[in-house]
Amino acid sequence: MGSIRFEGVGKVFGNARTGFKALDDVSLAIGEKEFVAIVGPSGCGKTTCLRMVAGFEGVSAGKVLVNDRPVVRPGADRAVVFQQFALFPWKTVRQNIEFGLRNKRIGKDQRDHLVAGSLKLMSLESHGDAYPHQLSGGMQQRVAIARAYVLDPDVLLMDEPFGALDAQTRVVMQEELVRLARVNPRTVLFITHAVEEAVYLADRVAIMSRRPGTIKEIIDVKTVRLAERWDGHERIEDVMDLESFVHLRTRIWKSLREEKAEIGH
Amino acid sequence: MRGRKAVVGLCAVGGIIILWFALTSWFGIIPAGRFPTPAQFWVALKQIELRGYAGSTLVDHALHSLRLIVISFLVAVGTGIPLGLLMGWNRRAEALINPVFMLIRPIPPLAWIPLAILWLGLGDAAKVMVIWFAAFVPSVINAHAGVRNIDKSVIEAARMLGTPPLRMAGEVIVPASLPMIFTGLRLSLQASWTTLVAAELVGALVGVGFVLNMAQQDIYPAMILVGMLTVGVLGWATTFVLGLVERRVLSWSLQGRG
Ligand SMILES: Nc1ncnc2c1ncn2[C@@H]1O[C@H](COP(=O)(O)OP(=O)(O)OP(=O)(O)O)[C@@H](O)[C@H]1O
Ligand SMILES: [Mg+2]
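Sequences listed follow chains A and B, in order.
Each step along the first sequence adds one to the number in the numbering used here, with nothing skipped, and position 87 is 87.
Each step along the second sequence adds one to the number in the numbering used here, with nothing skipped, and position 99 is 99.
Honestly, the hints are just simulated from the structure, not real lab data.
Keep in mind that a hint or two might mislead.
As the list claims (entries may be wrong) - A few chain B residues facing chain A, derived, Cβ under 10 Å:
1. LEU120
2. MET160
3. VAL172
4. ALA176
5. SER251
6. SER253
Unchecked claim - With a Cα cut of at most 25 Å, we get these calculated PhoX-like pairs of lysine-lysine:
7. LYS152(B) - LYS21(A)
8. LYS120(A) - LYS108(A)
9. LYS91(A) - LYS104(A)
10. LYS91(A) - LYS152(B)
11. LYS216(A) - LYS63(A)
12. LYS91(A) - LYS33(A)
13. LYS254(A) - LYS216(A)
14. LYS63(A) - LYS91(A)
15. LYS104(A) - LYS152(B)
Heads up, the beta-carbon is just placed ideally off N, CA and C, and yes, glycines get one too.
Please build the complete structure, drawing on both the sequences and the hints.
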C-alpha cells in the first residue's frame with residue numbers, strides 16, 4: 001500500500017481565459033515505501049503537486065492516483081506535514097497527536113498506547129502536556145511529524161517541513177527522519193529547496209522545470225547510496241563529505257542552475 | 001509587575017479623589033450646584049442605601065440593572081456568536097445574511113427603543129430587546145472575522161486528519177476563533193452597559209438608569225454622581241469577570257500567557 005502516480009497532470013489556476021498554467025504534463029510514479037524528493041525553482045508548482053495528492057487541490061488535466069485510485073478528498077491515509085507545522089495551538093502535544101486517532105474511532109487504550117509510542121519515538125516524552133507555543137520550532141515540527149506518523153498513513157506528504165527551522169535543528173531533524181524511515185518505512189513525497197537535503201533523504205530526486213512546471217529529470221540516489229554504503233555513516237556531515245554524495249549533489253545543482261539561467265531569455 | 005500596575009492604578013484613583021476634594025470642598029472652584037462635594041456624595045450614598053431613593057435601595061437598583069445586563073448579554077452573545085460563526089464558515093449563509101446585517105447594523109441601538117416599547121411595553125422585555133441589538137453586533141462581527149482569519153493550514157490539517165463536521169466545528173473552528181470571539185464579547189459587554197442606562201432613562205421604575213433619571217428631575221447632583229459611579233463600578237466588575245473567564249479559556253494562547 002502507498003503508491004502515488006501522476007499521469008500527465010496539468011493545473012491551471014483561475015479561469016480558462018485569464019488563468020495561468022502552473023503545471024503541464026507532470027508524470028511521476030512513486031513506488032510503495034519509496035522516498036521521493038522534488039526539487040525545483042521557486043514557483044514551479046511543487047507545492048501544487050503535493051496538494052493534489054493530499055486532496056486539497058483538483059487537477060485540470062490528467063490523473064493523480066494513490067493506490068491506483070484517483071484522489072477525491074483529503075484523508076488520513078495521506079498524512080501531510082506542513083512547513084508552518086499547522087498544529088492546533090489550543091491542544092496539548094498529546095491531544096494534537098491523538099486527534100487523528102480519535103477521528104479514526106480508535107479506542108482509548110489503544111490510543112494511549114500509540115501516542116505514548118510516538119512521543120517516545122520523537123523524544124517528546126516530557127512534553128506531552130505542553131502547548132505548542134511552549135515548544136521550540138524543532139519540537140513543534142516533531143509533534144507535526146508524530147501526528148502524521150501515528151496514523152500509520154499509506155503515504156506521507158512533506159512540504160519543506162524543515163524550511164522554517166534553523167540550520168542545526170534542521171540537521172537533527174534530517175537525521176531523525178532517516179532513523180524514522182528505517183524503523184517504519186513509508187511512501188514519502190518530500191519537497192525541498194535544499195539539494196543536499198534531497199540527496200541525503202531520498203531514494204530518488206525529481207527535478208522540476210520552471211513554469212509551467214513539469215518533471216525534467218529524475219535522479220536515482222538509492223543505487224548509489226547502497227553501493228557506496230552511505231548508511232554506514234552515522235552523521236550527516238560524514239555522508240555529505242563522500243565523493244559519491246558530492247557528485248550527485250553537483251549534478252542536481254547544475255540541472256537546477258540551467259532552469260534559473262533560462263529566466264534571462 | 002502586576003502588583004506595580006495595581007499600585008499605579010490606586011495612586012491614580014487616589015489622585016482624582018484628592019483633586020475632587022480640592023476643586024469642590026477646599027477651594028470651591030466648582031460650585032456645589034454644578035458638582036457635588038465628597039461630603040454631599042457621601043450623604044446621598046447613605047440616603048439611597050439606608051432609606052432608598054427612586055423607590056428602592058442602591059443595592060436593589062444595581063442588582064436589577066445587573067440582572068438585565070447578564071440576561072441581555074447572554075441572549076445577545078448566544079445568538080450573535082453562532083450567527084457570526086455560521087457566516088464565517090458557510091459562504092451561502094454569508095451571502096444571505098451579510099447584506100441584511102449590513103443594513104441593520106448602522107441603526108443606533110437606541111433607535112430601537114420606540115419600537116421596543118411599542119411591541120413589549122415599558123417592562124424589562126423591551127430593554128432586553130434594545131440591549132440585545134446593541135450587544136449582538138460586535139459578537140457577530142468578531143465571530144465572523146475570527147473564522148475568516150483562521151490559519152488556512154490549520155483547517156487543512158484538520159481535514160487531512162479526517163475530522164468529521166461536528167468535531168470540526170467544536171474542536172477546530174470555535175477554538176481557533178476564540179481569541180477574536182473574546183474581543184467581541186468585551187465590546188458586547190461595553191455596548192450592553194451603554195445601552196442599558198439609556199434604555200432605563202426612557203421607561204423604568206427601578207434600575208441605575210432610573211436613579212439617574214430621577215436625580216436629574218430632582219436636580220440632585222450628588223445622587224447623579226452616585227448613579228454614575230455605580231454604573232462605573234458594575235461595568236468594571238463585569239469586565240473583570242469576563243477577563244477572568246477569558247484568561248482561563250485562552251490559557252493555551254500566547255496572549256493568554258501574561
Ligand atoms: N490557489 C492558487 N491560485 C492561483 N495561483 C496559485 C495558487 N496556488 C499556487 N498558485 C501559483 O502556482 C504557481 C506554483 O505554485 P506552488 O506554490 O506550487 O510553487 P512552489 O514550487 O511550491 O513554490 P515555492 O518553492 O516558492 O514554494 C505559482 O506561480 C503560484 O503563484
Ligand atoms: Mg511551495
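Should the hint that SER253(B) touches chain A count as held when the rule is a Cβ pair under 10 Å? holds, 6 Å
Holds or violated: LYS120(A) with LYS108(A), Cα cutoff 25 Å? Distance of about 18 Å is within 25 Å: holds.
Next pair to validate is LYS104(A) with LYS152(B); report whether the Cα-Cα distance is within 25 Å. Distance ~23 Å between LYS104(A) and LYS152(B) Cα, so the pair holds.
What's the verdict on LYS91(A) and LYS152(B), does the C-alpha distance respect the 25 Å limit or exceed it? holds, 17 Å
Cut-off 10 Å, beta-carbon criterion: hint that MET160(B) touches chain A: holds, 5 Å
Starting from LYS91(A), check that the Cα of LYS104(A) is at most 25 Å away, please. holds, 18 Å
Under 10 Å, Cβ to Cβ, is where LEU120(B) needs to be relative to chain A, so tell me if that hint holds or is violated. violated, 40 Å
Could you check if SER251(B) really has its C-beta closer than 10 Å to a C-beta on chain A? holds, 8 Å
Less than 10 Å between beta-carbons is the criterion; does VAL172(B) satisfy it with respect to chain A? holds, 7 Å
Take the C-alpha atoms of LYS152(B) and LYS21(A), compute the straight-line distance between them, and say whether it is at most 25 Å. The given pair, whose Cα atoms are some 23 Å apart, holds under the 25 Å limit.
Has the given pair, LYS63(A) with LYS91(A), been kept, meaning a C-alpha gap of at most 25 Å? Answer violated: LYS63(A) to LYS91(A) is near 36 Å, above 25 Å.
Take the shortest C-beta to C-beta distance between ALA176(B) and chain A; is it under 10 Å? Constraint on ALA176(B) satisfied, holds at 7 Å.
Consistency with the previously given hints fails for numbers 1, 12 and 14, ordered from lowest to highest.
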